[in-house]
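Participant: Protein chains in written order, with the numbering used here: chain G, 1 to 371; chain Z, 1 to 335.
Think of the hints as simulated: they come from the structure by calculation, not from any bench.
Remember, predicted model here, so these are calculated numbers, not experimental data.
Glycine residues also receive a C-beta, built at the ideal position from the N, C-alpha and C atoms.
Among the hints, a few may not be true.
In silico contact screen, one side only, chain G against chain Z (beta carbon under 8 Å); selected entries [said to hold, decoys possible]:
hint : residue
1    : Glu105
2    : Leu153
3    : Leu165
4    : Arg210
5    : Val323
Distance windows between CB atoms, simulated [what the hints assert, rightly or not]:
hint : chain 1 : residue 1 : chain 2 : residue 2 : range
6    : G       : Ala132    : Z       : Gly117    : 41 to 47 Å
7    : Z       : Val102    : G       : Tyr312    : 30 to 36 Å
8    : G       : Val203    : Z       : Ser307    : 38 to 44 Å
9    : Z       : Arg42     : G       : Asp168    : 45 to 51 Å
10   : Z       : Gly101    : G       : Thr313    : 33 to 39 Å
11   : Z       : Arg170    : G       : Gly184    : 33 to 39 Å
12   : G       : Leu195    : Z       : Ser40     : 24 to 30 Å
13   : Z       : Ala49     : G       : Ala132    : 39 to 45 Å
14   : Z       : Val26     : G       : Leu229    : 35 to 41 Å
15   : Z       : Gly175    : G       : Val124    : 35 to 41 Å
Here chain Z is said to cover these stretches of chain G; the calculated rule only asks that three of the stretch's residues, wherever they fall, bring their Cβ under 8 Å from a Cβ of chain Z [said to hold, decoys possible]:
hint : region
16   : 276 to 287
17   : 307 to 321
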Amino acid sequence: MTPPDDTGSGGRPARTPGVRRLAEHRLFWPAAVLAALLLGNVALTHDFFAVRVQNGHLYGSLIDILQFGAPLVLVSLGMTLVIATRGIDLSVGSTVAIAGALACEHIATAKDPGSPPTVLSAVVVAVGVAAAIGLLNGFLVARLGVQPIVATLVLMVAGRGVAQLITDGQIISVSSGAYKMIGGGYWLTLPFAVLLAAALVAVTSLVTRRTALGMLIESVGGNPVASRLVGIRAAGLLVTVYVVSAVCAAVAGLMISSNVSSADGNNAGLWIELDAILAVVIGGTALTGGRFSLGGTVLGALVIQTLSTTIYTLGVPPETTLVFKALVVIVVCLVQSPAFRARLSRRRRPAAPGPAPATGDVAARRQEVHP
Amino acid sequence: MSTALSSLTGPLQRFSARHATRLPLVVTATLLVAMFSIGSLRYEGFFSAQVLLNVLIDNGFLLVVAIGMTFVVLAGGIDLSVGSMVALSTMLTAWLVERNGVPLALAVPLVLLVGAGGGALMGWVIHAFEIQPFIVTLAGMFLARGLCYTISTESIPLTDPTATRIAQTRVLLPGGLFVSPAVVIALTVLALAFVVLHHTRFGRTVYALGGNESSARLMGLPVGRTKIAVYAVSGLCSALGGLLMTFYMLSGYALHAVGMELDAIAAAVIGGTLLTGGSGFVLGTALGVTVLGLIQTVVSFQGTLSSWWTRIVIGGLLFVFILLQRLFGGSRPAE
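Chain Z with its partners taken away, still in its complex shape (with noise of 0.2 Å):
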């Protein structure tokens, strides 16, 4: 770290550790919580629970896919793969049941499979010879977008009886409040991977990994292994959200979540995961899905902002988070 920030950080360095990798999230939270008020003051008909729910219903996909994410990230790595696994995911899942008649209730699994068997195959190219993670998902995502292709260039559009119903399903709640399925998929894997983060050995052999490398290994903690796994719950994770997006679409098509990649890490960031690994909370990356979500929210209840303001504030509240994470995350180097 250069001596400029130093002089900065040092007053700040007496927070004691745990107040300085709570501070993204404190931020976050405060920022949620800013953008809820200043939109309900200025358009009508935001202040209700159901914008928040609709946020949620729209983004339960991403909030999936980010905890994948998130799992990666606390590792050390990172997992460029994921918006192309979820196209992929949208495309078998569409083909399997609209061109070769398999039942729903084959296709789901055999689509989760295929994305966990994905991610732990480059989890295990990543470990075992030791190339960037960066590098051998960026393969992946060419290959997964690359078989979406070859499947087809067309949209296929998911006509089957089952999947209309699971669609339509509104899982109400009390006070004429309504979610989708997907909302209470998304929900359970995210109680899941708290659980396992914070309550499971595999928990804290990812923050050790992402924390040091060779101490984790000398520790006698299963890195290998380990690193493997966290790439699986990645492709994982994608599969599923893939599988929401399919439902949430109607259809599987190789353009479904381009760039949802970039959303993910940003979603991981903002919610104060430390992108250089070991420090982070899984609930902060939902916070982070939620605010990119309600920045969608904003820009269309405004009406005369373009979509591509959403872009461009996501860019820039990347930028803070990062700068963020530089003033307060203490002392640990860039790679």
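Next comes chain G alone, as it looks inside the complex (with noise of 0.2 Å):
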């Protein structure tokens, strides 16, 4: 579905077209969102946006947000996939912690945790069984056509278990200075999470988008019957996405517990699905499925991690970010609801020619809607 465009543009002559045009862009109200919370904070603090260069990194506000926000630009981008398959995956959160606690707990076992290929075993281990992961959610929704939402709940509950006795209940340090780099190390001057979001999501994008399976992806989400009829095979696809969404979701989990150099089976990712659930709705994908947009989705995580900075800069208690969000999660879904502009749009048209509306006529109206 595309962002709200004719709430407020319509019947305004001194729009130009090109102005109208970017504001139907599906991008264009995300993009807003995020540019207004970044003017925002540079009302409350002149230098938000100063980055300047320390040791040849760059520092600054705008480059924690991306570091801060990278593993919830993961999560998102596979949750986005799902979503637009008309399913959720709830699983992210668990799989986030259980990648996270495989590859501390094979690190801290390790012969030698600072060697690259201690690292890189670790990294297979955990992506590996995120991987399996998703395939038996991919099987419970594509083979056994479970919900989405009960399928991924299963391992939502269990997961958080399942990482706590990887990890044994504690939270296991590893000082291993290649691991590090993961989640919390600069390449080029960038860190180095940011680096391997922007990748992946290049890649996904240039996946999806080049090749015919974005649009396979999208003609499941939306009209399942109508796809299988004309030959898709939606079991492999839904697989496929549940199984990349897992897998995002561990490299999430491994860039968080290596910025923290240690592993939190009962913390780590918690409440993330919520999260990329809701950096996907304000990104202008439909719950409904059938239609995604991977930039949308980025902006999205964005807009919820400069969410956060600005709470912390507000000095409010952190814990509050969850009033915001439950105030934007529902303005955005209002104003992506059809019977909300179609009310909306009817309670404004009669207003305009006439005096206006009488309440019985108001009462009425609503009568309509529900019948």
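Put the complex together from the two separate chains, hints included.
Facilitator: This is how it looks when you write it as structure tokens:
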């Protein structure tokens, strides 16, 4: 679904066509929200946009937002593809915890924790297990026809227990320079996590938009029956998107645990599935499937990260971010809802020619909506 | 449903529909008996009625919350906000009584009203704007948990004398057994829910709505009103569950009941409620809660097992029951 375009722009001749085309672009609203948040931050802290170079690394609030937002961007990336097929993946938070726990456990028990082969094998183990998790989710959804929300709920419940089983309920700390690189290192003056996330976003967008894959995913989400009739093998596609989602979550889990050099089965990636869904929704991908926008998702994830940063800057308790997130979800969903838009425009249209409608009129129209 | 499954389910569908929907219930009951017998054989002091009653004492609030969830799931929806609503209720009660000197007798109805009102509001948004229940209740989950933190980020202990007296009250049963007042309240709610779901017009409408919304609408049933009502019931049950939890914990804390929505959904599923709606039993939910409670009890009796095994076992059970639903649930297509 395209972002809201008919709520305010219609019937204003003062706007040039170029501006209107810009406002109708599907990335306009997420980008506008992000810009507004960033500008609001400048009003609060004047050197917000300042980026300086220290020890050959870039430092600054913007870089921080990118670095801490990278795991969320990755999780949201996988989630976008799942949601495009009319699904949902609630197990990503647990996958984040499991991946971090597996990698840290592997490195902590290895003879040579700092060496690149150890870290590489840890990454392979974590990503491999995540792929298996994705396969299980995909199998339940595609082969058994279980609702996605229920199928992924199983691993959401059990996954955190498994992560604690791996870490034995402890927080495993690792001291491995090579592992630290994934989430906390720098490469070419930029945080490595940002580059990794950007590379994965670029690959996904190339694979989905330069080949037919993206269109096939959208058609499975848009109308499963019609896509079966034209011969699209939905099952394979569904399994693929769940595997991609789990692998993205695993890489995000590696980033998070590597950034703090430890694995916490209880708290790593807690609530990240909800943030990811939120990012996807803000980005203009409708939860009903059939359309997705990777660019929008990246913007959405950055909006959420900026929101968190803003809350910290404001000095209010960081936990109250949840209230803001709730309001954002409600507003975005209302704006996307056809019923809400219809109600808005219906209320506005009769007001233009004649006097304001009587209250009874509004009540009558309400009756139409509640049959 | 895929063809691989249909060959398997073919013979099974010769069962009457009634048998098929009751099968998960039979499995749950068998599981309960098996768990209790194995526990009794393996652990000393396990075989007593008080162990079973303790399960109820420790999970009374979950039972109330799960009953509310059953209403929503039966009507074909889902309510992810229940855990946060429980936390908000504990927080609100403790804050009103301790910080603002509101008498307990006034705070309790106020909290119940907030729960029911919040639930009804979510139901209205879901119905009026045709937004998926999942995302609306997700927003409710964020909002309620965030509101807890705006009240206080710390735990507020409840020291009100009436509240402590209620918390320490024991309802004595014959044979030296006892339960807490919360169990009595939870069982009363269960009985009420059973009567409402199976013997009132509203209850039949809930089943019809979950079975097929358009059919229910074409039959002239009050779809919108019922939908709003089930979310209000769920909100009310969460608020009541929150109150019971406040008396159980004697504190209000924003981190109470994290993940309880999952336990409530799991209890409903294990109790034989179909997640696509339209089929299930509220008494099954009570069995489901007992199974979840027994898992905790067995894990604590074993001693060597860590608490996270509880989550793994619940996840595994959920998996098995979802498979059962697909195999025996008949030809209901997934959404």
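Participant: Each hint: holds or not?
Facilitator: Do the hints match the structure? See the list:
1. Glu105: violated, 15 Å
2. Leu153: holds, 7 Å
3. Leu165: With a minimum Cβ separation of about 6 Å from chain Z (threshold 8 Å), the hint on Leu165 (chain G) holds.
4. Arg210: violated, 31 Å
5. Val323: At 3 Å from the nearest chain Z Cβ, Val323 (chain G) passes the 8 Å test, so the hint holds.
6. G:Ala132 - Z:Gly117: 41 to 47 Å: Given about 45 Å between the Cβ atoms, the range holds.
7. Z:Val102 - G:Tyr312: 30 to 36 Å: Holds: the Cβ-Cβ distance is about 33 Å, inside 30 to 36 Å.
8. G:Val203 - Z:Ser307: 38 to 44 Å: At roughly 40 Å between Cβ atoms, Ser307 (chain Z) and Val203 (chain G) fall inside 38 to 44 Å, so the hint holds.
9. Z:Arg42 - G:Asp168: 45 to 51 Å: The hint (45 to 51 Å, Cβ to Cβ) is violated, given that Arg42 (chain Z) and Asp168 (chain G) are roughly 24 Å apart.
10. Z:Gly101 - G:Thr313: 33 to 39 Å: The hint (33 to 39 Å, Cβ to Cβ) holds, given that Gly101 (chain Z) and Thr313 (chain G) are roughly 36 Å apart.
11. Z:Arg170 - G:Gly184: 33 to 39 Å: Violated, since Arg170 (chain Z) and Gly184 (chain G) (Cβ atoms, about 55 Å apart) do not stay within the stated range.
12. G:Leu195 - Z:Ser40: 24 to 30 Å: violated, 59 Å
13. Z:Ala49 - G:Ala132: 39 to 45 Å: holds, 43 Å
14. Z:Val26 - G:Leu229: 35 to 41 Å: holds, 39 Å
15. Z:Gly175 - G:Val124: 35 to 41 Å: With a Cβ separation near 60 Å, Gly175 (chain Z) and Val124 (chain G) fall outside 35 to 41 Å, so the hint is violated.
16. 276 to 287: holds (count 3)
17. 307 to 321: holds (count 4)
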